[in-house]
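K.L.:
Single-letter residue listing:
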Amino acid sequence: MTIDKNIGKKIYKLAQEIFPITRSITGDGVRKTLQIFKEICLMINIKEVPTGTKVFDWEIPKEWNIKEAYIEDEDGNRIIDFKENNLHVMGYSTSVDRYVDKEELLKYVYVEESMPDAVPYVTSYYKERYGFCMSKNMRDSLKDGRYHMYIDSTLKDGYLTYGEAIVKGKTDKEVFISTYICHPSLANDNCSGPALTLFLLKYVMNMTDRKYTYRFVFIPETIGSITYLSKNYKYLKENVIAGFNLTCVGDDRTYSFVETRYANTFTDRVLKNVLGYHYPNYKRYSYLQRGSDERQYCLDGIDIPICSVCRSKFGEYPEYHTSLDNMELVSEEGFAGSYELMIKCIITIEKNESYKMNCLCEPQLGKRGLYPTVSKKGQYDDVYKLTNIIAYADGSNDLIDISEIIGVPVWEMIENVEKLVESGLVKICGGNLIKM
Amino acid sequence: MTIDKNIGKKIYKLAQEIFPITRSITGDGVRKTLQIFKEICLMINIKEVPTGTKVFDWEIPKEWNIKEAYIEDEDGNRIIDFKENNLHVMGYSTSVDRYVDKEELLKYVYVEESMPDAVPYVTSYYKERYGFCMSKNMRDSLKDGRYHMYIDSTLKDGYLTYGEAIVKGKTDKEVFISTYICHPSLANDNCSGPALTLFLLKYVMNMTDRKYTYRFVFIPETIGSITYLSKNYKYLKENVIAGFNLTCVGDDRTYSFVETRYANTFTDRVLKNVLGYHYPNYKRYSYLQRGSDERQYCLDGIDIPICSVCRSKFGEYPEYHTSLDNMELVSEEGFAGSYELMIKCIITIEKNESYKMNCLCEPQLGKRGLYPTVSKKGQYDDVYKLTNIIAYADGSNDLIDISEIIGVPVWEMIENVEKLVESGLVKICGGNLIKM
Amino acid sequence: MTIDKNIGKKIYKLAQEIFPITRSITGDGVRKTLQIFKEICLMINIKEVPTGTKVFDWEIPKEWNIKEAYIEDEDGNRIIDFKENNLHVMGYSTSVDRYVDKEELLKYVYVEESMPDAVPYVTSYYKERYGFCMSKNMRDSLKDGRYHMYIDSTLKDGYLTYGEAIVKGKTDKEVFISTYICHPSLANDNCSGPALTLFLLKYVMNMTDRKYTYRFVFIPETIGSITYLSKNYKYLKENVIAGFNLTCVGDDRTYSFVETRYANTFTDRVLKNVLGYHYPNYKRYSYLQRGSDERQYCLDGIDIPICSVCRSKFGEYPEYHTSLDNMELVSEEGFAGSYELMIKCIITIEKNESYKMNCLCEPQLGKRGLYPTVSKKGQYDDVYKLTNIIAYADGSNDLIDISEIIGVPVWEMIENVEKLVESGLVKICGGNLIKM
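Protein chains in written order, with the numbering used here: chain S, 1 to 436; chain Y, 1 to 436; chain L, 1 to 436.
Among the clues, some could well be false.
Since the list gives no way to pick out one identical chain from another, each pair is judged satisfied if it fits inside one copy or across any two copies.
[Claimed, not checked] Distance condition first, Cα-Cα at most 25 Å in a straight line; then the derived BS3-like pairs of lysine-lysine: (1) Lys367 <-> Lys237; (2) Lys376 <-> Lys136; (3) Lys427 <-> Lys234; (4) Lys419 <-> Lys367.
Calculated from the structure, these hints are not laboratory results.
Let the hints inform the model, and build the full structure from the sequences given.
P.N.:
So this is what it looks like as structure tokens:
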């Protein structure tokens, strides 16, 4: 397993590039972000679904775009300006151009009381209203007087925009990687997800011996996954063997994942196994702690085996959904760790097979140079890594099972497995074994 | 869930009324107790089975009645008198009228060495003998001299008496509540059980929308349940979905229940679920700690899913089977808690259904007024109580399963479930789901 | 269960007798050891398999015998002499007669660096070489000068020798006890195993009412079990219900066993049950900690349910495979404990049946003298030992299951079970129940 040493820096740089863009669930910010991605990787197809399209119980909303927004005091000072931080406007705010007194102004102001310096991230996608967000400290310092609330935005029929890239493998069975691109200037949640996903897409394109097909989608959260599923769920249900929703993957505090609804899919197995070796103190959240697109993917009738993978999980770190979730919260090391984790997952998925021994009793490894010819006390650690594979290669276990039993990660077993295959002692048994 | 605020007082008062009566496994004490109950609730049928009737491996014993019993010293002082406390006579004592010295007297005296002030409760149902019970302190203070042992009792062919009330529901499937009425002046074990049971019977009669049939029996312990089963076990086996043996339900120290033989019945599920919310520190006893009529109900070939439900379990509290198990040991609060627990069990049983979502992906709750239209950090607790039901309403879980998964008791889920049913988002799936 | 009080002494004495013999995986040492055993027990058949015979992936090696071996310094002092301790020669050393300087000598000298006083046990079965073993302290004290390395051994076509005894029971189903006889002067590993096994063979021969057939084999480790299996595995696979590999059974530090590959055989059940009562602090090792002939017996395709049973497990005690594993490490008490454990296992296996009650509800034990006629507080411990058997004798449990449920070892349940059978209350159900 060789990992590009500069990968953390590269992912960070891309996240940094898309950080300032004003994204929402629709609009030009999403288009611009996807365009940057497409320039790096031509495989990404950008697709649009018109306003009003029915998607299951939902409907594609109007497209939202915004040019300008500010609050000015009576002296013409801009108290807040959308250009400085796009969090200052509630997402999906309609236009306004009103002069109001302080009391009236405060009806349209959102703060996060528990974090006095932070500007909160607030949206109102499905009910038309307008609003401004500022820090608690700023709001508390507002003087009496007249204020000018100004928003120049449009909310009209348009499109929901998303990106998709499908990299074919030897089989149609798929690994599905989903990430969302609907948050404005928030770094961990969620510039980090799309940036990492893009580099995984590039990794997958470079894999020489790709067993599975890989599908990557860059969609707005909730309405995007519902839209995507409404078009594709039957195919995905049949073909996706494992999947990941990537979000909050740029900080370096911990690792975590959200289990599927019953924690019983192949994806759960892979993550439990891989994270158990990669970062034994990782946090596992049940589906009750869900909150991103795994909410849709895992529901009854959809049942696509997708876990959300995070460093610090959304909702669990203090800077979440505030202006403090900025490029200082994420790091090159944080990104590099997430990338390595995902590569380990991909290798584990790709290499996972079931093997069966060809001979009865232990084979004589000595004559094959795989066992020491002098037998003395305490020299068997390496030998046992090999003989333990032999012991459990009985056709009923795949490599993940064996990894769990013998305490060795799949990526460290591959060399030994290949030796056994070459020597003719084991053979692949029963095709690709994907245990759910 | 509305509970009568005076229920504890009412149950206490009834227990107090029946406390002084000299009950045993047969005889007029049982008849008198049942008569009091019938006056409160006419639905109770009083039935009698004659001495000598074969019931499985047993036979109904002779009927025992007692008029008078005492020990007098040579000065004519009554050392003990049955009229003061009916525990002073061993249950089923034959008559005696003998003058004896102290040494001979002591052959017929039972004490509880470990509790010097308490008069123990002792019986000899199946071997004819006589005996007296007193405190250790009294026995130790007896002087040498002549004593007069006097018991005027009858032991002759008669009947075993029990009460039964069946309240019909929409189906023949039954909830079975059993309690015993064979102990004399002992409050927790067991005046408390019949008194609580009577008020549950009244509650059930007042239920407007009763799904299940409810059967209540007031029987002598062991021989009574064996007798009742010998007549009814085939029907009960087929129709009882859950059942409770109520005893020691009047103190307020803890809550507990005795699991069925393999702890795998619907009753076990209900109690684990309900007690887990009602009183998380409750004690669960395995069938190895059994001792009341669950001994009979749960045996192989009978297999009626009955758990004994107690506050402090029989045999586990120090006053058990002594004169200290009196009306001071039980309390209005103790009774009220037991009543509330049983109502919660009944509601959980009645409301337990399996539901299935009608739409793919999450429904848009916002347009139905079930979801906030402004999305900001940390406001989702109530929403999750609803969406978690949606997530697991996939037809494979009944409400008890969902309650276990999402950590909300069934009685707190009902309102949300009804909203979902009304909105057409979920429907009942597969009839009444009673998982054993 | 009556155990010969002198059994520890007897086993110790036999282990002591065979301790000095130079055994290896082939050769006269094995023959001599088996001859001693055959003199004690004529049932043992000694069998030989010629060099070159193919056994699965292996081949019977040349037979090794040795007459003399030493290292002399230039003054003719014997630094080490095989006659003093046969560990001084690497097992399977070829002949040598060379004068060398110290530097050259050290290429052929093996020590155990971590134990300065101990001579290690080293072998080279499958590659021809020669070598000497000595303590680290001796090696470090060697002076410069000329040394004479002398080994007079033969390595030529011959036989692999083993012993086998089959004691017929009422059925062909077998209990299989395997032990190895290939180590030279090492007491716990492994003079202890064959010595104990011989006395178990004698015990089994004296059993009056033997349900199962018992097979005992005394074989060289690894190549011996592979050889034995290559001839017998199909029969064994079909007929062995439980089996034990006995080794390191002479010390008195702890008890332990090595589980089968999936810890799910009848043998695992028996050992978990019996050791749980015999020595609750015993150590259970997974198959990952294997190392003796369970390596072969338990592999896929062989799948004979054999656990290695030890006091301190091979590889886990410091003296293992050194000259400190001598007759002082083992004790009469150590042997007696192992013997008692194995007898308990045999009784548990022999007596394990499934029973079913003949009557509904509890039987009236009082009329059969099995229940007290006076009922008072706290007198039921013995009664519950009986009624708990009744409660779980429902045809679905064998006695080991019941033992686990009620917390009483099988050998303490037998008397009660016999009472119940005699009274006609229970009957054996479904023949011999061997749950795997």
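K.L.:
All the hints need checking, so say for each whether the structure fits it.
P.N.:
Results for each hint:
1. Taking the shortest Cα distances, Lys367 and Lys237 never come within 25 Å of each other, neither inside one copy (48 Å) nor across copies (28 Å).
2. When the C-alpha separation of Lys376 and Lys136 is checked against a cutoff of 25 Å, the pair qualifies only between copies, where the shortest distance is 15 Å, while the shortest distance within a copy is 71 Å.
3. Taking the shortest Cα distances, Lys427 and Lys234 sit within 25 Å of each other only across copies (23 Å), while inside one copy they are farther apart (34 Å).
4. In this homomeric assembly, Lys419 and Lys367 come within 25 Å of each other (Cα to Cα) only inside a single copy, at 14 Å, whereas the closest approach across copies is 61 Å.
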